[in-house]
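*Asks:* Take a look at the letters that make up each chain.
There are 2 protein chains.
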Amino acid sequence: MASAMELTSEIVAQEELVKALRARKVSKEEIDSATQKLSLLKTSYKAATGEDYKADCSPENPAPGNERGLDATEAGEDFVDPWMVQTSSAKGVDYDKLIVRFGSSKIDQELINRIERAIGQKPHRFLRRGIFFSHRDMNQVLDAYENKKPFYLYTGRGPSSEAMHLGHLIPFIFTKWLQDVFNVPLVIQMTDDEKYLWKDLTLDQAYGYAVENAKDIIACGFDIKKTFIFSDLEYMGSSSDFYRNVVKIQKHVTFNQVKGIFGFTDSDSIGKISFPAIQAAPSFSNSFPQIFRDRADIQCLIPCAIDQDPYFRMTRDVAPRIGYPKPALLHSTFFPALQGAQTKMSASDPNSSIFLTDSAKQIKNKVNKHAFSGGRDTVEEHRQFGGNCDVDVSFMYLTFFLEDDDRLEQIRKDYTSGALLTGDLKKILIEVLQPLVAEHQARRQEVTDEVVKEFMSPRKLFYDFQ
Amino acid sequence: MASAMELTSEIVAQEELVKALRARKVSKEEIDSATQKLSLLKTSYKAATGEDYKADCSPENPAPGNERGLDATEAGEDFVDPWMVQTSSAKGVDYDKLIVRFGSSKIDQELINRIERAIGQKPHRFLRRGIFFSHRDMNQVLDAYENKKPFYLYTGRGPSSEAMHLGHLIPFIFTKWLQDVFNVPLVIQMTDDEKYLWKDLTLDQAYGYAVENAKDIIACGFDIKKTFIFSDLEYMGSSSDFYRNVVKIQKHVTFNQVKGIFGFTDSDSIGKISFPAIQAAPSFSNSFPQIFRDRADIQCLIPCAIDQDPYFRMTRDVAPRIGYPKPALLHSTFFPALQGAQTKMSASDPNSSIFLTDSAKQIKNKVNKHAFSGGRDTVEEHRQFGGNCDVDVSFMYLTFFLEDDDRLEQIRKDYTSGALLTGDLKKILIEVLQPLVAEHQARRQEVTDEVVKEFMSPRKLFYDFQ
Chain A
1 MASAMELTSE IVAQEELVKA LRARKVSKEE IDSATQKLSL LKTSYKAATG EDYKADCSPE
61 NPAPGNERGL DATEAGEDFV DPWMVQTSSA KGVDYDKLIV RFGSSKIDQE LINRIERAIG
121 QKPHRFLRRG IFFSHRDMNQ VLDAYENKKP FYLYTGRGPS SEAMHLGHLI PFIFTKWLQD
181 VFNVPLVIQM TDDEKYLWKD LTLDQAYGYA VENAKDIIAC GFDIKKTFIF SDLEYMGSSS
241 DFYRNVVKIQ KHVTFNQVKG IFGFTDSDSI GKISFPAIQA APSFSNSFPQ IFRDRADIQC
301 LIPCAIDQDP YFRMTRDVAP RIGYPKPALL HSTFFPALQG AQTKMSASDP NSSIFLTDSA
361 KQIKNKVNKH AFSGGRDTVE EHRQFGGNCD VDVSFMYLTF FLEDDDRLEQ IRKDYTSGAL
421 LTGDLKKILI EVLQPLVAEH QARRQEVTDE VVKEFMSPRK LFYDFQ
Chain B
1 MASAMELTSE IVAQEELVKA LRARKVSKEE IDSATQKLSL LKTSYKAATG EDYKADCSPE
61 NPAPGNERGL DATEAGEDFV DPWMVQTSSA KGVDYDKLIV RFGSSKIDQE LINRIERAIG
121 QKPHRFLRRG IFFSHRDMNQ VLDAYENKKP FYLYTGRGPS SEAMHLGHLI PFIFTKWLQD
181 VFNVPLVIQM TDDEKYLWKD LTLDQAYGYA VENAKDIIAC GFDIKKTFIF SDLEYMGSSS
241 DFYRNVVKIQ KHVTFNQVKG IFGFTDSDSI GKISFPAIQA APSFSNSFPQ IFRDRADIQC
301 LIPCAIDQDP YFRMTRDVAP RIGYPKPALL HSTFFPALQG AQTKMSASDP NSSIFLTDSA
361 KQIKNKVNKH AFSGGRDTVE EHRQFGGNCD VDVSFMYLTF FLEDDDRLEQ IRKDYTSGAL
421 LTGDLKKILI EVLQPLVAEH QARRQEVTDE VVKEFMSPRK LFYDFQ
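Going down the list, the protein sequences come from chains A and B. Each residue of the first sequence is one higher than the one before, starting from 1 at the first, in UniProt numbering. Each residue of the second sequence is one higher than the one before, starting from 1 at the first, in UniProt numbering.
These are calculated hints, taken from the structure and not from any lab test. Certain hints may be false.
It does not matter which identical chain is meant; a pair holds if it fits inside one copy or across any two.
The list that follows gives simulated cross-link-like pairs (lysine-lysine, DSSO-like), each with its CA atoms no further than 27 Å apart [said to hold, decoys possible]:
| # | residue 1 | residue 2 |
| --- | --- | --- |
| 1 | K97 | K364 |
| 2 | K326 | K199 |
| 3 | K259 | K366 |
| 4 | K106 | K369 |
| 5 | K453 | K199 |
| 6 | K259 | K199 |
| 7 | K364 | K225 |
| 8 | K413 | K364 |
| 9 | K106 | K460 |
| 10 | K148 | K225 |
| 11 | K91 | K366 |
| 12 | K91 | K106 |
Please model the entire structure based on the sequences and the hints provided.
*Replies:* So this is what it looks like as structure tokens:
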């Protein structure tokens, strides 16, 4: 084990690196990866010394002011916005604090029970286990549903590469379930324009990723009669109504506001600055006249990861000023990287995630080699003191993907007690993930270009409240 | 005649009013109108005292810093941007100074001769008389033309109301001539989205004005086989290629840049901030695949009033960075208001302009009653000292609309010598304008909804270089 002094100098060097990367404005992935390493070093420091690492606050090394991310994390606060998620805790982001900070509401047992009553079915495991943990106005959606009033679902994805990983599926798995139990139409936005604006991509690359990613999304099992998937680059050019809503939103949001919400600066491109209106527009039903005709009053429900909330805080602020209903929201936690819950998974580090293209063997190797363990250093210690499910990534993954509540609880008990060893736990996870990914691959294989084209064509959808 | 003291207190009061209007951010028209009155008071002051009015520069009344417009004007500099044109000179803006400030090139006799040689026809009176006075890269366009390489024309209009006046026709009259003599395709952008963003209009109103204004533009005689007129609100929703270019431009322009060019502030809407990309996009031929297929390299020539130049300075700055040719430009002077050349005409003051809907009688009354005269106070004085064509609005209008050079020169001589009285000069103008407007009205009458629809449909155009 490294000494505290060695670790300190490594931490200081890594902090310098993170700062330098930020100053050079390199990609989010690079910064994430460096920040992640910094967090792991700090975790090691604590493991070695029993104390939290504290940065030297000498005048030569002042707090970095308004710089995004690092200062909040160093002050013990998590940092979450659409481009950066940071926490120094191996348990991941403190979601209760986030609810308070964002001003959303906790999905409590009462709300889960109400959903169960409304749909007459067992709530999804993501609800039962607090993976979708926060909401805005979900009771209003249920009021509408119980009064036979229509609503629709809206979610999306930023297609930054062809490679999607397990974490990317979370909102789609949940949205598919919502579509099934509520029997409502769904629109899925592929923000290829956003990825073009933020990344070093050509327009054709971004659009190509949108189409490729759409295949993985379709493989989640969405109902083609009730689902419209669209690329911004394509749909903007095929619907005046969508552009009209974008302009409407853009008229009612100032640079001051997006600066406050997203941290944009004067050196950001005018494309980035105006983009939030494009992610906001699908929240309003008259952006889709082919689906909702001229109705502008149909309530929208947005399932998404909590880091997307800033877009919809802005949307909810604008909505009443342009005569539209505020969208409701269901927020999920982040899917942890194999290396630990300090950050989201990174599409650019193949070992940080299980990709949807991974083979059974790759899955086995990645879990065995990279999944951060909450177990003890030796089998003897583990049997004696037990493992820590709160930081164990294999256990976290099982909470996402193992449907059987009783079995999950038994695993939790056995691992905590030490009866279940890390190797055994990883084996269970591997046996859950291998068929899950293989079945996804099989379904994706069946998604032909014609099917994608159909999903992505502006058209009438079929649903109850027409 | 008012005393210098009376005028001073009127000027001071008017200055306070202008400042107050600016602080309240009222409409451009209101500020223009108040500023115009201020300029006229200063002109009267000079007439009464023989000296320029000088503001008190006491510490209580410091220069207003970065505020748009007034400071430049008070310092004897004209102020010109897409939303505000100000000068304190009755002769109008000093265009030679503007060429230096904007970094464009003067349209000199050599260039006019070259155009004449290229087209084998007499240059348009707007060229002969310096109404189109400035250019960027026009020689490059002529090089292309002489080498049988294609180019196309792009101009536009912000449809802020149904009422168009004579001044609005200037770029279209000239563009029609360019289309005829060069036999090239033309795209005309109606920035209804811009007007929605800047004015207190609904989207439907702005689009409605775009269609109404298109009728007046079509009545200028454009060739339906070679002309595409489009509303942004409509065309954005029917062309992915247009949106792709908009996003491309938006990626390569920062808020800092548009702040510098257009004077935007943090309180401006993100719609205004990102709009310049939408006015820039038609400068690139692949925004119109229905016309130019996939060619991105066809040179664009933009005839416009000089106040639109900031948009195209930005466009020319971006073009090479996204792999497109820079658009060339031909800049016109402003068409003076009836009350004098201090500002552009205002669509909101019916007496400042001859509207395209005015009857023969209204034209007669407006010219006789409101056209600022460079004549003397009495017939005797006029006969003795002669009139001043440099500030006489009737004479200025004749330079725009009287085709016969010799007759115009004779009028100038006679008015300057005093042989021609103000009443006679106004009579000549009335006799030029009445048939011009009546013929426009007759042509507009013939523009059916079907014709407008055809002009505004994205479609193939017919021209030589296909």
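*Asks:* To test your reading of the hints: which numbers does this structure violate?
*Replies:* 1, 3, 4, 7 and 9
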